[in-house]
Amino acid sequence: MRAVAPIVRGSWCVAPAVRRPAMRAAESVSLPAGAGYRLPLQWFAAEAAAATVVVMPALGMGARFYQPLALAMQDKGINVALLEQRGHGDSPWRASRRCDWGFRETLINEIPAALEWLTATAPHQPVYLMGHSLGGHYAAMAAGLYPQQVNGVILAACGSPWVGGFNGDTARKLKWLCRLIPPACALLGYYPGKQLGFGDREARTLMTDWLAVAKTNRYQASGLSQDLDSGIAAYTGPVLCLRMQDDVFAPRDAVHAVSDKFIQAEVEHRVFNAQVLGDKADHFRWARSPFTVAAKVAAWCREVNVV
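For the sequence shown, the positions run 1 to 307 when my numbering is used.
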């Protein structure tokens, strides 16, 4: 797998140093992931691990938000590699007019770097890609690109932003957001998510790639020629799709707009309500009250790994 140079490199991308508390029970790793960028990874090694799960965050979220989930899965005998999202958390870069990236960098540089490291670190463990929202889209696309290295996919609260998957007020807001993204990115050089009420400060090319999904429900990664949806359609590994009952960002139709892309895979759907989770069954709280989800993921990893 060749490294793809970032769209921009150098000090314009460097985030200011922020002091943060150390994560419990995790090893911090920094992996080269394309010219000029290093991927922060937190490694939660379990005793007598049954599998390794790679966790990728939602749009605008730093990896530390998922520490409770990683610890809960670790306690269930699952290794967890928690990947930082470029531009957030412990990532050394921040989006700006001169510092830009898209889906391509995660798919061609970051995920392969993590998979290569896991091959050396936990060589005999099956690897499952688990993504929340945007992270789930990355997991799906990466499974299509690297089917021999991805033993399965876990989509957590992952719905397509495709307008056709929504209705009512949410659909109207989504249509307005799609209209605002291009001029906002052109004016500022990055996407101002906090000001627009969706996501955070994001790279303009990433949001251009996201916008293509919102308009067509087909994946594209700027600068990447592969037909990403065809790769997903050909993937035959197992897929676990976790939906939160009251999740307005990933309702049933939006979730199926992603999971239905896996036409040759065996897809298991599971819906969690607030009573089962012990917390709100929305887009985010499951990751902070993760025990039910962690137990399901651990059990599923063991089930699909039986030969």
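If you are wondering where the hints come from, they were derived from the structure by calculation, not from laboratory data.
Small disclaimer: the values here were computed from a predicted structure and weren't measured.
The C-beta atom is built at its ideal place from N, Cα and C for all residues, glycine as well.
Any given hint might turn out to be false.
As the list claims (entries may be wrong) - Here are the computed lysine-lysine pairs in the BS3-like style, where the Cα-Cα straight-line distance is at most 27 Å:
1. Lys-175 <-> Lys-194
2. Lys-194 <-> Lys-173
3. Lys-280 <-> Lys-296
4. Lys-215 <-> Lys-194
5. Lys-76 <-> Lys-215
6. Lys-280 <-> Lys-173
7. Lys-173 <-> Lys-215
8. Lys-175 <-> Lys-215
9. Lys-296 <-> Lys-76
10. Lys-194 <-> Lys-296
As the list claims (entries may be wrong) - Pair by pair, the computed Cβ-Cβ distance ranges are:
11. Gly-36 <-> Thr-119: 20 to 26 Å
12. Gly-168 <-> Gln-264: 40 to 46 Å
13. Asp-75 <-> Asn-167: 37 to 43 Å
14. Glu-303 <-> Asp-75: 14 to 20 Å
We went through each hint and held it up to the structure:
1. Lys-175 <-> Lys-194: holds, 18 Å
2. Lys-194 <-> Lys-173: holds, 15 Å
3. Lys-280 <-> Lys-296: holds, 18 Å
4. Lys-215 <-> Lys-194: holds, 22 Å
5. Lys-76 <-> Lys-215: violated, 39 Å
6. Lys-280 <-> Lys-173: Distance ~23 Å between Lys-280 and Lys-173 Cα, so the pair holds.
7. Lys-173 <-> Lys-215: Given pair Lys-173, Lys-215 holds - Cα atoms ~14 Å apart, limit 27 Å.
8. Lys-175 <-> Lys-215: holds, 9 Å
9. Lys-296 <-> Lys-76: holds, 10 Å
10. Lys-194 <-> Lys-296: Distance of about 33 Å is beyond 27 Å: violated.
11. Gly-36 <-> Thr-119: 20 to 26 Å: holds, 24 Å
12. Gly-168 <-> Gln-264: 40 to 46 Å: Given a distance of about 33 Å, which is not inside 40 to 46 Å, the answer is violated.
13. Asp-75 <-> Asn-167: 37 to 43 Å: Since Asp-75 and Asn-167 have Cβ atoms about 39 Å apart, the given range 37 to 43 Å holds.
14. Glu-303 <-> Asp-75: 14 to 20 Å: holds, 18 Å
Consistency with the previously given hints fails for numbers 5, 10 and 12, ordered from lowest to highest.
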